[in-house]
Amino acid sequence: MATSAVSRPKGASAPGAEDLKKYLRQMVLIRRFEEKAGEAYSLGKIGGFCHLYIGQEAVAVGTIAALRSDDYLISAYREHGQALARGMTPRSVMAELFGKVTGCSRGKGGSMHLFDLKLGFMGGHGIVGGQIPLAAGMAFACKYRGTDQVVTCYFGEAAVNIGSFHEALNMASLWRLPAIFIIENNGYGMGTAVARASASLDLSHRAYSYEMANEVVDGQDVLTVRNAMEVAVARARIEKKPTLLEIRTYRYVGHSMSDAAHGTYRTKEEVEEFRKRDPIVLLRDRLMQEGQLDQAGYDALEKDVIAEVEDAIQFADSSPDPEPSELFTDVYAPGA
Amino acid sequence: MATSAVSRPKGASAPGAEDLKKYLRQMVLIRRFEEKAGEAYSLGKIGGFCHLYIGQEAVAVGTIAALRSDDYLISAYREHGQALARGMTPRSVMAELFGKVTGCSRGKGGSMHLFDLKLGFMGGHGIVGGQIPLAAGMAFACKYRGTDQVVTCYFGEAAVNIGSFHEALNMASLWRLPAIFIIENNGYGMGTAVARASASLDLSHRAYSYEMANEVVDGQDVLTVRNAMEVAVARARIEKKPTLLEIRTYRYVGHSMSDAAHGTYRTKEEVEEFRKRDPIVLLRDRLMQEGQLDQAGYDALEKDVIAEVEDAIQFADSSPDPEPSELFTDVYAPGA
Amino acid sequence: MAVITYREALNQALREELQRDQNVFLMGEEVAEYDGAYKVSRGLLKEFGPMRIVDTPIAELGFAGIGVGAAMVGLRPVIEFMTWNFALLAIDQVVNAAAKLRYMSGGQIGCPIVFRGPGGSALQLAAQHSQAWESWYAHIPGLKVVMPGTPADAKGLLKSAIRDDDPVVFIEGEMLYNAKGEVPEQEEFIIPLGKAEVKRVGTHVTMICHSKTVNIALKAAEQLAAESIEAEVVDLRTIRPLDTETILASVAKTNRAVVLEEGWPFAGVGAQVVDLIQSEAFDLLDAPVLRVTGADVPMPYNKQLERLAKVDAAKAVAAAKRVLYLA
Amino acid sequence: MAVITYREALNQALREELQRDQNVFLMGEEVAEYDGAYKVSRGLLKEFGPMRIVDTPIAELGFAGIGVGAAMVGLRPVIEFMTWNFALLAIDQVVNAAAKLRYMSGGQIGCPIVFRGPGGSALQLAAQHSQAWESWYAHIPGLKVVMPGTPADAKGLLKSAIRDDDPVVFIEGEMLYNAKGEVPEQEEFIIPLGKAEVKRVGTHVTMICHSKTVNIALKAAEQLAAESIEAEVVDLRTIRPLDTETILASVAKTNRAVVLEEGWPFAGVGAQVVDLIQSEAFDLLDAPVLRVTGADVPMPYNKQLERLAKVDAAKAVAAAKRVLYLA
Ligand SMILES: Cc1ncc(C[n+]2csc(CCOP(=O)(O)OP(=O)(O)O)c2C)c(N)n1
Ligand SMILES: Cc1ncc(C[n+]2csc(CCOP(=O)(O)OP(=O)(O)O)c2C)c(N)n1
Ligand SMILES: [Mg+2]
Ligand SMILES: [Mg+2]
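Chains A, B, C and D are the protein sequences, given in the same order. Mapping of the first sequence onto numbering that gives the first Met the number 0: residues 0 to 335, in sequence order. Mapping of the second sequence onto numbering that gives the first Met the number 0: residues 0 to 335, in sequence order. Mapping of the third sequence onto numbering that gives the first Met the number 0: residues 0 to 326, in sequence order. Mapping of the fourth sequence onto numbering that gives the first Met the number 0: residues 0 to 326, in sequence order.
No farther apart than 27 Å at their CA atoms in a straight line, the calculated lysine-lysine pairs in the DSS-like style are these:
no.: 1; chain 1: B; residue 1: 44; chain 2: C; residue 2: 38
no.: 2; chain 1: B; residue 1: 35; chain 2: C; residue 2: 302
no.: 3; chain 1: C; residue 1: 218; chain 2: C; residue 2: 179
no.: 4; chain 1: C; residue 1: 38; chain 2: B; residue 2: 267
no.: 5; chain 1: C; residue 1: 45; chain 2: A; residue 2: 239
no.: 6; chain 1: D; residue 1: 302; chain 2: A; residue 2: 44
no.: 7; chain 1: D; residue 1: 38; chain 2: A; residue 2: 267
no.: 8; chain 1: C; residue 1: 314; chain 2: C; residue 2: 218
no.: 9; chain 1: A; residue 1: 275; chain 2: A; residue 2: 35
no.: 10; chain 1: D; residue 1: 38; chain 2: A; residue 2: 44
no.: 11; chain 1: C; residue 1: 302; chain 2: B; residue 2: 44
no.: 12; chain 1: C; residue 1: 252; chain 2: C; residue 2: 194
no.: 13; chain 1: A; residue 1: 35; chain 2: D; residue 2: 302
no.: 14; chain 1: D; residue 1: 45; chain 2: A; residue 2: 267
no.: 15; chain 1: D; residue 1: 45; chain 2: B; residue 2: 239
Restraint ranges, calculated between C-beta atoms of paired labels, are given here:
no.: 16; chain 1: B; residue 1: 200; chain 2: D; residue 2: 191; range: 50 to 58 Å
no.: 17; chain 1: A; residue 1: 239; chain 2: B; residue 2: 269; range: 25 to 33 Å
no.: 18; chain 1: B; residue 1: 316; chain 2: C; residue 2: 185; range: 49 to 57 Å
no.: 19; chain 1: B; residue 1: 269; chain 2: A; residue 2: 69; range: 41 to 49 Å
Listed below are several chain A residues computed to face chain B (Cβ distance under 8 Å; list not exhaustive):
no.: 20; residue: 162
no.: 21; residue: 172
no.: 22; residue: 198
no.: 23; residue: 199
no.: 24; residue: 205
no.: 25; residue: 210
In case anyone wonders, no lab produced these hints; they're calculated from the structure. Each residue gets a CB set at the ideal place from its N, CA and C atoms; glycine is no exception.
Please construct the entire structure, taking both the sequences and the accompanying hints into account.
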């Protein structure tokens, strides 16, 4: 299997300036949303585990830009970014983080378990690797029904060492399931650098064990991500073949709210170094250089985003908890 | 990682005629033993699941010929051949199949759970893939203690699709554990041909995911097997690196006693075709051609083996069952 | 009524539900070309083709998860575990995905899936292949656990399980596959989940059982009847949700109970039944409730030891006599 | 006696056993360079080096099996699960290998291994991360199950577990890591497995508890004492083997019992304790034994709902009053 070169599939239109601005806004929204979520966590408004997406915005935005509205997505516990990029409102996501009944999962799921069936956003899963077979199963359903939907599955690079990755990718390739498996390689699984967990650093090459197409993608450039994803989506939708994408990115913040951004397993300098290729700055500068955006335009965009996030916080804060009786609902189907 | 060419490690001596005759005798012993075990099963002397090794003899004999007496071995449920090749007596193995207290596991393990700690034969395991992490763990112990023992782990080709294979091989390579992982590729996992279960037919190539040395070996020629194994053993013992060997062989009989040799998932012709490269015949003919053995010598060898197997049957049949009180022993350590 | 085997009853249930609903498919090791390791799916590949009767690699965690994923988007998978022993490898997907999706998603995502296959011990399969897992699955909110003991129950309950909108753990008895019994022939023969059945009426002692222990209880009841002791045999059929009403009604009549199960004693299904009876019917009990379980050991291979380890009618009779203070 | 935290007590136990026996090593995710996800292994990498304090990839099935393999040839691994929820992926190695090797090998192969990590729920970790697994492991012959509720028990029991020649499932309380208590300072402070402890003496009702529910029971006992009800608090400490003597001796005195546990009700540890008491002490009981358990639902994320789902002193007090027919 050769790694396919990134070339735009026939019929796919190159993103225009408006698209790019949309991506920029989405990335800024995720960034500001996550910053606010971090604050709310410190204030005790959000509890449990909370894993922020700061630094990885281009992965969610770039990949989702290549999807259709009837496609399915599934992710791990670090999924706020993908949820927002998919179009879930900041209100419904923030309210979920606050545990409110207005949240996307009625306050019963929390940060790690965001769901929105209408948008095909199939969760937020907390067991490392657990969502990979689920993704293959949804892709199986697409094939079974003969639709041309595709399934996108996100997981961290540390998940490539767990059995479910192996089992699911083998079956996905064997059965030609329309799935795109995305390794979000942010360099670390908690405090463990890739090289301390994976016998081979070429994570995308694991696809060869399953004769699956694969590619390494620069995850800080949203357009590169989108391009690579378009190829993978076309392969799934038209050729009915899965792809493994290793998208290289970086998380600026700690693993979760209880983990420091640096100090234990990585240096401040390393984080600073990666921040130089910030996905938002890269796209903003590009748009500015191309004359598609000026400082005022960017400021307006940011202001708008901040207002939207602020509104989400207000909404979440003022929403009610679920009724006590909800403790016992949704264990089984209604009427069961 | 390049696949290493088969070359004899420095210091290893080429097997002489006496060695070859020993291998021949071991293979014949396994063959006759298994035939008798099959008979005893039909007579109701053996119960449960019973998986015969007929056709695969050269794998056990060739690999074990390259090992030292203080090395460890571990296998799946199709392990009679390896147990005998390792030097467990036909008496202790047959008595175990008969469920007798004189059996290697005191009649409590049966066909799938042969153990002999003194010979480093660490079982017979019934959950597909389960023994692979155990092997890595024993290799970890060898490394931990700083010995130069190595661990050999046998499993069927169908086990390469299960998570424990993936997890164990990654760690074995990452930590440079002295283990040799042996895929006994006999073409089928129960009724499933390799191509219906594995997305890639190059099973040895799965090692690349872990940057592990690997090789495909003709499993019907005991010398080829021994040569490949010697390289792998040296790599483990001296270089402290694991190897994945895919040894291609064939099982002549059904998966277990309840499965027909052919008819459902393979044809009689296919079985006949594979029988043409019988490991025993190959070695016997070679020894005869080289003038190391004549028909009379072979007949004597066979007679001797048959007597030994007959003795094992008598021994097993006349041995007592474990005492009823043994039901409750060995659940915990004595005195616990 | 036709007399068919438990295996045929399961096969009929699968065939009828596959015919009735395009969303139903069967997936597992050797279910298609091999007709099933225990031949439960005989003929189904031929009738429904390889998209609906799907052979898998040996990858329990993976294909269980694939089933759950398919169920999340509305298919109705039937996932066969060759035996429930191997499902230990897949248990994370059963417990952490299937059983929790509806709750975690605030009711959005259902999981209409059936996991099925043989459980418990057969003959001389030794420690790793002779285990009864019902108490584990019944511990988990979000799952239903069904264990038929007769061909009719096997058919009617499997049809219900496939139509159910929640994940169902359906544990068959490997030693029951050849058991014969009458099964109603009408197409819509359905037995609702969550309903126990009184398999024999009696007045002196209640014997509570499920799956393989149903026949053992009936045999014990016969032996007891020879001594003029009338045992009532309550077959739970569904372990979760437990039919507390039927159990308590029987105990209210007999004032004594014995609980049988194939599995190990500690925190088994029987412990829960005992808890139920003593907490809800304490004042009605004339004797402690006794349990008859498998021995608290890994299963030995040796035939004699295995026999000692298993529940049998003699042990059930002895327990019944003890609660009647006759021994 | 020093006052230290439960976390420090575990750390001391690990350090001392690592010092005492070269065969002991610690393996798990983030145990070395990160000092443990919950900092239980703080400083151990520095003291013992990377061969004995081993960080693993995320591969529970694999590294649990590696631990078992190392134990088969005589090492004494301590395998840390970051939480017991993730151990579901490894449960095949715990149940089908560790628990059965000695039996299947006819006594040849021992498995002196400790599997440890936090179990149960913490705060708002939602359904997949808030589960109590003790009844599952205690169901399995071949395993021992230990659940300390105080720093002293944590230290003394972990040392015993590491020295034990059989596989031990050692479940810590995530919410207990910061709990402080007196711990004897002598080097050889050891608490034998299989011994419950009366944590408070009383005469009116026995409250049986373990791990996190110990503090809840003690708090409830205090509240009851204010109403002149003297509850005896029995901390099981080891779930398997169960200290039946201590339980029965207490019930013989009080004639009434309440059993607390964090987990789900169906076939929980409490069901087994109820079974024990009613079968062995039926005639001594003045009331049914009642259970106080976690709600029978996946754990919700919302804080208020979570609070409702959990066991607390008020629920324990109410149950005690019910068995005293005071409510
Ligand atoms: C099976 C399992 N083991 C351990 C954990 C605890 N854990 C949560 S996140 C994590 C690290 C995952 O790293 P990676 O896959 O790279 O994703 P990232 O957090 O970097 O997005 C670990 C060990 C878990 N949730 N599931
Ligand atoms: C985890 C697991 N799943 C299923 C089985 C049932 N089973 C026993 S052997 C076998 C086929 C294994 O084939 P392979 O690995 O090629 O070994 P072979 O029998 O050919 O030696 C299966 C599916 C099992 N023992 N364990
Ligand atoms: Mg990562
Ligand atoms: Mg095979």
